[in-house]
Amino acid sequence: MKEKLVLVGNGMAGVRTLEELLKLTPEDYQITVFGEEPYGNYNRIMLSPVLAGDKTIDEIMLNDEQWYEDNNIKLHKGKKVVDIDRVNRKVIADDGTEEEYDRLLLATGSKPFIIPVPGNDLDGVISFRDIHDVDLMMDASKKHKHAVVIGGGLLGLEAANGLMLQGMSVTVVHLMDTLMERQLDKPAAAMLKKSLEEKGLHFLMGAQTEAIIGKDRVEKVRFKDGSEIYADLVVMAVGIRPNFELAEKVGIHCERGIVVNDTMQTFDPRVYAVGECVQHRGQTYGLVAPLFEMGKVCANHFAKLGIGRYEGSVTSTKLKVTGIDLFSAGDFTGDENSEDLVFQDAARGVYRKLVVKDNKILGTVMYGDTIDGTWYFDLMRDETDITDFRENILFGQAHLGDSGHGDDNRIAQMSDSAEICGCNGVCKGDIVNAITEKKLFTLDDVRAHTKASSSCGSCTALVESLLAHTVGGDYSTAPHLKPMCGCTEHTHDEVRASIKAQELKSVPAVMDAMNWKTGGCSKCRPALNYYLLCQWPDKYKDDSQSRFINERAHANIQKDATYSVIPRMWGGGTTPEELRKIADVAEKFNVKTVHVTGGQRIALYGLKKEELPVIWGELNEAGMVSGHAYGKALRTVKTCVGKEWCRFGTQDSTHMGIELEKMTWGSWTPHKFKMAASGCPRNCAEATIKDFGVVCVDSGYELHVGGNGGIKVRATDLLCTVKTEEEVLEYCAAFMQIYREGAHYMERTAPWIERVGLTYVKERLLDDPEGRKAAAERFLFAQKFAQDDPWEERAKGAEAHEFTPIKKIG
Amino acid sequence: MSENWIEVGNLNEIPALGARIVETQDGNIAVFRTKDDEVFAVRDKCPHKGGPLSQGIVSGKKVACPLHDWKINLDSGEAVAPDEGCAATFPVKMDGDKILLSLTPNEGCPNS
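Chains as they are written, first to last, in the working numbering: chain A, 1 to 810; chain B, 1 to 112.
Certain hints may be false.
As the list claims (entries may be wrong) - Quick list of in silico lysine to aspartate or glutamate cross-link-like pairs, DMTMM-like style, CA-CA up to 25 Å:
1) A:439 / B:84
2) A:357 / A:378
3) A:541 / A:560
4) A:808 / B:75
What the hints assert, rightly or not - Calculated Cβ distances over 10 Å to all of chain A for the following chain B residues:
5) 55
6) 94
7) 96
8) 106
9) 109
Stated by the list, open to error - To be clear about the criterion: a stretch of chain B counts as covered by chain A if any three or more of its residues have a C-beta under 8 Å from a C-beta of chain A, and this derived list gives those stretches:
10) 18-29
11) 40-52
12) 56-67
13) 84-93
Just so you know, these hints were derived from the structure itself, not from any lab. We treat Cβ as the ideally placed atom computed from N, Cα and C, and that holds for glycine.
Using the sequences and the accompanying hints, generate a full structural model.
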């Protein structure tokens, strides 16, 4: 018989937990839900836009009653649970309904705080918490004129804005001197107040409410200083308190909320709690992202997978008032040991402050232009050392993925037809529609449904901003370091560390030791294969079925299922013999296109897979080998002709390039790896947009690292200048090795360097000569097992099954 | 309806978590082998843009198309939601280690 799961509280956190559970094990539980409100499950965060007239109630429903029916969930709506019999394991509702449980989930949310002043129970005094409150406000706005909102925080301002848009004259009363003092510092708060005043709101700051006056209905509000204002409607929005009355009544341990552990379990092991009602590690949360994170962990334990842990969240805030962009996260006040970095442009209405300690971001406040909010938030969450780009950090992520929108990236102002994702042709309107119609909450959801940002990823920041803007701010940001993929809770770094520490030597061994939830997917298996290969170059047996087709077939698949091949041309040089052979092969195999690549080589297109080994055999005859143009591997070393021919050349860059390529060819890397060597600072080989670039100068060789000419153009950082070719080779080998050992799979050197910092690379390669030499030696050791031409092996018959049909019929 | 079974090869000729192609006059059929030695036959043509599914990475009972990473269920030929579309599947059965295939597609997918 199925176990019985009862959920008390039909809100976002509880229902999200059920959704996560149903995804994991749709059949394990017989589920019953109690909800006090007479509706299905709706998006409480979006009540403000409903009040402001931007949305309707229908648009913010998340799960209608059909959903409960479809999933065989019994919904008791409009029933309040008043007691729990923990001995006999049943819950009891106010109308006498009883339901038994094997496991119980409390998601009772929070209650608005009602300030204890005389008159707080008069007609016309309400809070702002549910659909009922919104109905009352809409109704009042039709009959009355003067509204007073008590509370100048997030909720109060959203309520005030909504009431104003419904036609009321609204005064916001705030106890403190500045608005939203828990999210904003004084300058940002002042800018916000000015904008809201321009929209038509009135403010009474530093005003303490003493009494609400009226006969039957509210008429006036009186303050400590004796002054009074007229009011036909008073909205109390001074904060929320976790609602743990029920839990406390039945003896479950509560402090400021229902106390739970990292698996969302209360002190009664059959009873779990998620959402605003809980207290976890001393914290309570009132935003959506943490609630969803909790729901995921809780569902995981209900499904008896037992691996998820909730470890707290870092949250950010956004105000949902149309036309006002503000963002705040973390500790934005700081202390005597922290520093403030501030950018302020009053005329443009832009303000940003970063609180920094030991070169790490503790918190941020932004007003006016918040497009960089997600970037700062990521830097804060990852505790990234900002030393290397501190001087420019306030100007934003200079090469933020904006698909060419540049300064025009104020999401709100973009037209619906503005193209966001250039790869898949997805416009702003498509994304907004998908988010609202399909009720999407996360970046991954948006990627799956619209394909936006799912190809090259350069528009990810824009899509995240759009998501934040459309759904209200606190959804998109993942509160934790990201797991490798949906198959595991572990991060790339954790997996690599375990491979080393536990001496794991195969893909199944890693999955076993680290509790993989599945047999792996097309994301994690190639990554694991690479990590194992990198860690155990001499012992690991490559798992070709875990490789993407290009690396398995040693050629590039094209849109019509034919392949292209690119033989290696050392340092970009070739010979008449090689060219003649290429021409012969092209004619013999009916090559459709012969193309000169950007990496100084020649590509042959339109080849049938079955013919590849024969073609390689012919190319081998002229001494040509695989160019690895298909791999996360060393690609090309581009060169200019250097001092051998060029009147400006300072060193033999061609020779340098060939030496580099001879040393590094065949190596597998986290992502593709490109090099170049230029003979003088005119830099004709474009070495400063390569992963490793050499620019020859009269006194030696400048070494440049971390460049990229692709999705996001990034010029290299200068690592150092060395005197000899031998040194260039050693530094190159060492650099490649620390990148191979440290970067996440599919991470180019450019984002890797931005993540770990140039300082770190310099510490490893410049400050620690022994460490550099050791890294170079590890690289050369690995190369012993990597430098066999895969084409030659296959031309001689290896892996024949890969290239031939199992059967030809007819 | 009696199937016309054709022997196409041995199980050990297909790598686990891999696929081989059967060439026919009506186009290629991809024969997949899962980790647990289950065998499936699917039209070698992704419902999205015709990518050769036989070249994709096999995980569980799904294959990821090599062109745009659509995931296709090997048993039904259906694309994994939210993507929509299906590739025809073909009856396949084992006789000992021999793989027997029928060239008459299973019903249910218009894209056969």
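Hint check results:
{"no.": "1", "hint": "A:439 / B:84", "result": "holds, 18 Å"}
{"no.": "2", "hint": "A:357 / A:378", "result": "holds, 16 Å"}
{"no.": "3", "hint": "A:541 / A:560", "result": "violated, 32 Å"}
{"no.": "4", "hint": "A:808 / B:75", "result": "holds, 23 Å"}
{"no.": "5", "hint": "55", "result": "violated, 4 Å"}
{"no.": "6", "hint": "94", "result": "holds, 14 Å"}
{"no.": "7", "hint": "96", "result": "holds, 16 Å"}
{"no.": "8", "hint": "106", "result": "holds, 18 Å"}
{"no.": "9", "hint": "109", "result": "holds, 20 Å"}
{"no.": "10", "hint": "18-29", "result": "holds (count 8)"}
{"no.": "11", "hint": "40-52", "result": "holds (count 4)"}
{"no.": "12", "hint": "56-67", "result": "holds (count 8)"}
{"no.": "13", "hint": "84-93", "result": "violated (count 0)"}
Violated hints for the displayed structure, listed by number in ascending order: 3, 5, 13.
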